[in-house]
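Student: Bring the two chains, given one by one in their own frames, into a single complex with the hints.
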Amino acid sequence: MKCEFCLELLEEYLDGELAVEDREQIDAHLITCSECSESFAALSAEQEIFARYDREIEVPPFLWTRVAAHTVSESNVAKRGWLPAVFRKASFASAIAVTLIVIAIGVVYLLSSNKTPEPKLAKSPSETPNPNPAPQSVPSVVPKHEVIAAGPRPKLRAKPTTPTPDQSDVLSSDPGYLDMDDQDTANHIEQSKLLLRSIKNVAIADNDDEVDVTYDKALSRRLLNENVVLRRDAEMKAKFPTKTLLADLEPFLIDIANLPDRARAEDVRVIKERVQKTEIVAALVDYQDRGTNNR
Amino acid sequence: MSAFAGTLMNSSADLVTRVCQGDADAFRLIFERYSRPVISFIYDMVNDRGLAEELTQETFVRAFRAIHTMRTETKLSTWLFGIARNVARESLRARARANSHVDLEDKSVMDLSDNKPVPVDGLLSKELNELIRRSLAALDEDKRLVFTLKVLHQCSYEEIAAITGFSLAKLKTDLHRARAEMRKRISPYAGVGYEV
Chain B
1 MKCEFCLELL
11 EEYLDGELAV
21 EDREQIDAHL
31 ITCSECSESF
41 AALSAEQEIF
51 ARYDREIEVP
61 PFLWTRVAAH
71 TVSESNVAKR
81 GWLPAVFRKA
91 SFASAIAVTL
101 IVIAIGVVYL
111 LSSNKTPEPK
121 LAKSPSETPN
131 PNPAPQSVPS
141 VVPKHEVIAA
151 GPRPKLRAKP
161 TTPTPDQSDV
171 LSSDPGYLDM
181 DDQDTANHIE
191 QSKLLLRSIK
201 NVAIADNDDE
211 VDVTYDKALS
221 RRLLNENVVL
231 RRDAEMKAKF
241 PTKTLLADLE
251 PFLIDIANLP
261 DRARAEDVRV
271 IKERVQKTEI
281 VAALVDYQDR
291 GTNNR
Chain H
1 MSAFAGTLMN
11 SSADLVTRVC
21 QGDADAFRLI
31 FERYSRPVIS
41 FIYDMVNDRG
51 LAEELTQETF
61 VRAFRAIHTM
71 RTETKLSTWL
81 FGIARNVARE
91 SLRARARANS
101 HVDLEDKSVM
111 DLSDNKPVPV
121 DGLLSKELNE
131 LIRRSLAALD
141 EDKRLVFTLK
151 VLHQCSYEEI
161 AAITGFSLAK
171 LKTDLHRARA
181 EMRKRISPYA
191 GVGYEV
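Top to bottom, those sequences are chains B and H.
Mapping to the working numbering: the first sequence position 253 is 253, numbers consecutive.
Mapping to the working numbering: the second sequence position 29 is 29, numbers consecutive.
Here chain H stands alone, though its shape is the one from the complex (with noise of 0.2 Å):
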């Protein structure tokens, strides 16, 4: 018990030193760790469950087979995004973009309701969660990108600059403009008529 207790306060740095020397449990106490946020931002990027269930276990995989070029002064979640947003750019370019991307003007994604507005507080949550998923899928892939880590996951401007390489001022563009839209595409329900 008392191991099991002293494992949990592992730092990541610790644990990513263990598995460079062959600790089999760090690694799966990484997997662990990070496995659920790994998964929901390749799900918000890709928009498919088992697509998601497999591009989270490349991820992992490729994070292993990689683990000892990290260096010491990377955030492993950073590092383990990074690696994740690879992956799923690759399937997301293997993929037929029409099959992928929705049109903005694509009645699927506003076609929740019968187009009155509706507080958000109306909507039962599965709406509300499948409004956002599709307005999601209808960003382009930078601005999903951006609005994701930051909306969606609390990633620091820092960081997600470190995950997808962009420039401050690119990002910071992608993310009010991936704002913009998806305030377009919720406000008839959320009651957000507030404009930047």
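Chain B with its partners taken away, still in its complex shape (with noise of 0.2 Å):
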């Protein structure tokens, strides 16, 4: 073998990548030829140094958190609801089969409501048919935060004198109210603050060993996965103040969220002591009096 031949594949050679062919004449060749063989020792020793290479980089404990408020916790969500849980293990022509079912039966009742007898009224011109006449036994569209939220959202009001947008038909959202982002974050906070107040107020007393948290707990999880959303679209929208609050917001929901249902009494002090001496409390009351106008 020639050395040209030898150094052209001593890297190939060295990554464990040639033919047993080839790799049998190189280890005779390195043997024998000391260029060669002082090529692949330097080969070697470069490879060694990259070895060494250490990035000093760890999975942080709360990327787990993160990652499973976006995967395992929102497909438990869905899981909630039975019709995902058709249209998800169906296959696709059974969900198209339940689909028409249900379009039949929605046809169906619509045609019997209009047989029943009701005074015809003259129309005039300006009056326009609705083309989809919403029977009024029938329930209205749910909203979509109510499929979207792990559960009932509780119907709070950031800013009592902000006129708020009827939430029972998100379709019907005026633009001249506060844009749905502003108008969710603003219920985020809501919620965020009643539960960081909820935190600070627990009785914790000398002798307690635990405290149940297993609903400040389950309400953080969700306030987490939302906190994420949100500070990330403050980001995208260069709405900064947001983005910071949110920011600050997102240890203290990562901690509560990683309780376990019955918390070692010492882990809800030293939280409890931090929502007070960081007054993020403070920061969220005082996010909610600025309004949105600074947002």
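Possibly wrong hints are sitting among the right ones.
[Stated by the list, open to error] Taking lysine-lysine and the DSSO-like style, the derived pairs with C-alpha atoms no more than 27 Å apart in a straight line are:
1) H:K184 x H:K172
2) B:K2 x H:K170
3) B:K243 x B:K277
4) B:K217 x B:K272
5) B:K2 x H:K172
6) B:K2 x H:K184
Treat the hints as calculated values from the structure; they're not laboratory data.
The structure displayed is predicted, hence computed values, not measured ones.
Tutor: Shown next as structure tokens:
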């Protein structure tokens, strides 16, 4: 074997990527050729240097919480509804069949309700018929946010004086109202504030070993999920005060979300003290008071 | 305890099947098993700790949502690295190249000492890490990708081709050039005078 050919294959030889025949030829050549052997030693030494490379990077403990909030937790939320479960488990054809049945029932229902005697009113020319008449006995469309959220959201208002759109139908939102992001953020801030106040006010006696935080933990998990999304949205839309506030809030949500259902009193006390010391609740209130114009 | 030991015995293929069946614990095991190599790989690519964390999160979220599309013959690690590579690439493209690219002649890459050749054993490990980190950042994206996968993550050429979509010829060429560039940068400190 010529040295030129050996040097050409040396990296692949080191990488263990050569065919057996080539490898055996290089094995034999390296024994007899001191120059190629030195080149191989240098290449191996170089590899050693890179093997020592330590990025000093660890997987932060909160990363799983964040990933779970967007994956397994969302998946569990979806499983709570029977309809998504049907569509998830059934084949495509079955899903179409179910859809058609639902539509057929709806049509039959609409036709039957149209047959009910009702006074025929003369329509003025300005009146246009509603192309999609919704029978009153059929519940209105389920609001989108209720499908997405883990559970029914408390109907809280971030600012009592702020006009809020009719949440019973997201399609009817008036663009003159707060945009949906601001509305979501306001609701999120309000719920987070209540959660932190609840933690701040939790009574822990000296002889308490454990505190039941089942509800706070579940709420915190849901809020954490929302927080990540809203923080990113705020960042993308250059709403920096909102982004900063949500970034400050996130560690509290992570800590509460990571507590066991029956948390050690000491762990709860630490979070409680941190809530007090950092005045995060005051920051949330201040944000609400400033209103949406500054966001 | 025995249940936990049993869980540890799960193969990647078993875990994938369980995740597809809605087993959240199986996905957590996948995360625990692969999050470290994935975050290291992404960090090698983007050279930013905070961003690497965010992109690792994005990688696993995408993986979860697409896991049912994973073909049975695909190796889980290769598949995850493929997603991580796409996520990192999208991020790099979005970032201004001027900020992410370190020119070959950029003194900051080389100025770790007073330019005197220093044997690598004489470098503190922190300095060596910093030197490699900066040198990696100075490689162009394709070269950094194949170098990272081969030299730092010991992937086979076949795996690298599957992750990157590069032909064998391209990845060999890029790898060879990446090695030469890295050698050029670290040789003053490592005393590696070897040229291929």
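Student: Each hint needs a verdict: does it hold in this structure or not?
Tutor: Evaluation of the provided hints:
Our distance criterion of 27 Å between C-alpha atoms is met by H:K184 and H:K172, whose separation comes to about 18 Å. The hinted pair formed by B:K2 and H:K170 meets the criterion: a straight-line CA distance of about 25 Å does not exceed 27 Å. Proposed proximity of B:K243 and B:K277 is supported: the alpha carbons are some 21 Å apart, at most 27 Å. For the suggested pair B:K217 and B:K272, the alpha carbons sit about 14 Å apart, so the restraint of at most 27 Å is met.
The hinted pair formed by B:K2 and H:K172 meets the criterion: a straight-line CA distance of about 21 Å does not exceed 27 Å. The hinted pair formed by B:K2 and H:K184 meets the criterion: a straight-line CA distance of about 26 Å does not exceed 27 Å.
The structure is consistent with each of the numbered hints, conforming to all of them.
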